[in-house]
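J.: Chain order of the listed sequences is V and A. Residues 443 to 753 (the working numbering) are what the first sequence spells out, left to right. Residues 977 to 1269 (the working numbering) are what the second sequence spells out, left to right.
Hints are computed from structural coordinates only; laboratory data are not their basis. Worth double-checking, as some hints may not be accurate.
[To be verified] Coverage of chain A stretches by chain V, computed from C-beta distances (three or more under 8 Å per stretch; other residues unrestricted):
| no. | stretch |
| --- | --- |
| 1 | 1092 to 1104 |
| 2 | 1121 to 1134 |
[Unchecked claim] Here are some, though not all, of the chain A residues that point toward chain V, as calculated from beta-carbon distances under 8 Å:
| no. | residue |
| --- | --- |
| 3 | Pro1030 |
| 4 | Gln1049 |
| 5 | Phe1058 |
| 6 | Val1061 |
| 7 | Ile1069 |
| 8 | Leu1073 |
| 9 | Tyr1084 |
| 10 | Ser1138 |
| 11 | Ile1173 |
| 12 | Ile1177 |
| 13 | Pro1180 |
| 14 | Pro1184 |
| 15 | Leu1201 |
| 16 | Gly1241 |
| 17 | Val1260 |
All of these numbers come straight from a predicted model, not from anything done at the bench. Even glycine gets a Cβ: it sits at the ideal position worked out from N, Cα and C.
Okay, here's what each chain looks like letter by letter:
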Amino acid sequence: MENISTNAAVKRKVFLAAPSKTMQRRYLLFLILIAPAFLLRIGTAAYPIAQTILLSFTNLDLLKGTDNYVGLQNYTAMTKDYGVQGSLTFTIVFVLASTVLNLVVGMLIAQLLNASFKGRTFARTINLIPWAVPTIVAGYAFRWLLDDKFGLIPVWVQALTGAHWIVFITPLGARIAVILVQVWKDAPFMAVVFLAGMQGVPLDLYEAAKVDGANAWQRFWGITLPMIKPLVITMTIFRLIWSLASFDLVYGLTQGAPGVSTSVLALQIFQQGVVFFKFGFASAISVVLLILVAIVGLIALRLYRRADVAY
Amino acid sequence: MIEAKEMPAQNMGNRQPFTIQWGRIGLYAAFIVFVLVVLIPIYWIMRSSVATSPDLHTSPINYFPHFTLQNFQTLIQQVPFFEYVRNSLIFAITTTLLTLVAGFLAAYAFARIQFPGSGVILWILLLTMALPDIGTIVPLYRILAGLHLLDTITGLSLVLGSALTPFTVWVLVSFIKQVPYEIEEAAVMDGATLPQIFVKILLPVTRPGLVTMGLINFINAWNNLLYPLSFSVGEASKTLSVSITEVYNGYSPYGKPWELIMAIGVTMVLPVVFLMLFSQKSIVRGLTGGAVK
C-alpha cells in the first residue's frame, strides 16, 4: 500500500499491477467488509424468496397440518379465489393511480417549494411531516378524519354542499380514499427529491428561454422536465415497486373493505400467511407479487436504456 | 407559481403598483392549501388524543375540546404501554446500529476497494431492495421460529436491519468517496491499522453521513408495522405500531375508541416528527443523496 500514488488513475494501475499477495489481501479485506451486509441480505431476503417459490408448490398449512407437494394447485386455486382476484385488480389500479398522482402532486409541491415567496421556509419545514408520520397512524387518522358523522372532512363537505358523504361504504369512495391518503403520505418525499433536482438546473437556461419568449408552462416542459427526467424515471420505478408491496396503509384505512374492493395482494399474503397460517397458498400469492415486481423491473431497464441514464 | 424561476431581484424590478398579480395570488393560494392539507391530519390526531370520547362525538364538531390526559392514563392501566414504548425504542435503536455497522463496513469496501466487477456486486446488493418484504414473511416466520427468534426484538432488528442496509450502503458510499484518500494513506504511512483508520479518521469525517442514515433508519424502524405485527406475540417484543392496531380492534360505547387510538398515534408521531423537524437538512441530504447525483 505504501507505493500507491496520489493520482487516482496511477493508483488504480499500481493497485492492479501490485504484487499478487497485496491484491489477495485487498480482495480478502473487501470480502470481510461486505460480509455482514451480504449475510443479512442472503439470510433475510435471497434465501426466503427462494423458499417462497418452493413453498408455493406445497399445501403447507400449519392449522390443517398438511405439507405435501401439490404442483400448481395453489395457482389454479388463485384463479378462482375471490379475494386474490379482487386484490389483484385493486393492486394494479392502486399502484398505477398512486404513482401517477404522486408524480404530479410531488412535482407541484416541488414547484411551490422552489418558488420565492414569504412562507417558503415554513412550507419546506412542514413538507416532510407526512413522510415522518407512521403509515399505520396516517391510516387510522384519515379513517377518523373521514368518519361520516364526526369526521372533519365529511362534515365540511356537508356544510358546503349539503351531501351526506359516507366515504367507506362504496368501493369507489374507499378506493379513492386509499389512493389519496397514499399521495398525502408519499408526495412530499417525491417533492424533496424533485426539488433537489430542480435546484441543479442552471438558471441561465431559464433566462435564455425567457428571452426567447417562453412562458412558465413552456419553460417547465422544455427545460425543467427534460433536465430532471432521469430523476423522474428513478422515482417512478421506486414508487411502483414500493407501492406493490405496500401493506400498512390498506391495513389501517380499510382492511380491504368494502368486500375486497380495496384489498391488495400484500394484504392477502398477510391474511393467508400470518393470520390463517396457509403458508403454501400465501407463498403462491407472493410469487404473483414477485412477477409483478419483475415486470416493473424489466420496464425500468428498457426505460433506463432509452433515456440513456448513466448508472 | 409563474414566478417560480425568477430571481427575487427581477421580481422587484417587474413589480408594478396597482396591478393585481394573479401569479402571486395563485402562489399564496397554493401555499395555504398545502399547509392545510399537511397540518389538518396532525391537528386531528393531537386534538383527538387529549379529548374525552363524548367531546369527540358532538355535532357540530368541537374543535378545541377540554384538554385531558385521561386517555394516556387509560392506556397505562389497560395495556402494557411503557413496555410498548420501551420495545419500540429498543427495536429502533438496535436496528439503526445494525444498519450503520453493516452499512458502513460495506460502504467502505465499495468506496475504497475497486476492481472490475466490484460495481456489479454493489448493484446486486441494491437490487435486493426491490424484493418485496411482504413476499418473504412466510419463510422468515419459519426461519425466525427455527432460530428461536420469534417474539424477540433481536429477530425483528435482524430482519428490518437487513432490509434497510442496501440504501444505507448506497448513501454512505457517496459520503466516504468525498473523503480524500490521501488522509488514509498518510495514516497508513504512520503505521495505523484498519480499525484505527476507521475509528480515528473515517468515523469523524463521515459523521454527517452516519447521522443522516441513523436518523432515517431510526424513523423507519420506529414506524415499522409489518415485522412486529407478523413476528411478535407478547409483551417481550410488541411495539407501539402493533398496540395501535390492537386498540383499533377494540370497541367503546361510541364505536371505535378513537381517543385511545389517537393517544397512541400521538405517542408514535411526536418523537419522529420532532426528530425530523430538528434535523431536516441532514435527512433531506440522505433522502436525496441516493437519487440525485
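J.: Determine for every hint whether it applies to the structure shown.
T.: The hints, checked one at a time:
Residue count for the stretch 1092 to 1104 of chain A with a Cβ under 8 Å from a Cβ of chain V: 4. That meets the three needed, and the coverage hint holds. Counting residues of the stretch 1121 to 1134 of chain A whose C-beta lies closer than 8 Å to any C-beta of chain V gives 1; at least three are required, and the coverage claim is violated. The restraint placing Pro1030/A at the interface with chain V is violated, with a minimum CB-CB distance near 11 Å, outside the 8 Å limit. Interface hint status for Gln1049/A: violated, as the beta-carbon distance to the closest one in chain V is roughly 21 Å, over 8 Å.
Hint status for Phe1058/A: violated, given a least beta-carbon distance of 19 Å to chain V, over 8 Å. Among the interface hints, the one on Val1061/A is violated; its C-beta lies about 14 Å from the nearest C-beta in chain V, farther than the 8 Å criterion. With its C-beta approaching chain V no nearer than about 17 Å, Ile1069/A sits outside the 8 Å limit, and its interface hint is violated. At a threshold of 8 Å, the smallest CB-CB gap from Leu1073/A to chain V is about 12 Å, leaving the interface hint violated.
Interface restraint check: Tyr1084/A against chain V, minimum CB-CB distance 6 Å, threshold 8 Å, status holds. About 4 Å separates the beta-carbon of Ser1138/A from the nearest beta-carbon of chain V, less than 8 Å, and the hint is met. Hint status for Ile1173/A: violated, given a least beta-carbon distance of 11 Å to chain V, over 8 Å. Below 8 Å, beta-carbon pairs count as interface contacts, and Ile1177/A has none with chain V, the closest being about 15 Å; its hint is therefore violated.
Nearest Cβ of chain V to the Cβ of Pro1180/A: about 19 Å, over the 8 Å cut. The hint is violated. Taking 8 Å as the C-beta contact cut-off toward chain V, the hint placing Pro1184/A at the interface is violated, the least distance being around 16 Å. A distance limit of 8 Å between C-beta atoms decides the matter here; for Leu1201/A the minimum to chain V is near 5 Å, and the interface restraint holds. Taking 8 Å as the C-beta cut-off, the interface hint given for Gly1241/A holds, the closest approach to chain V being about 4 Å.
A distance limit of 8 Å between C-beta atoms decides the matter here; for Val1260/A the minimum to chain V is near 6 Å, and the interface restraint holds.
In terms of the numbered hints stated before, the structure departs from hints 2, 3, 4, 5, 6, 7, 8, 11, 12, 13, 14, listed from lowest to highest.
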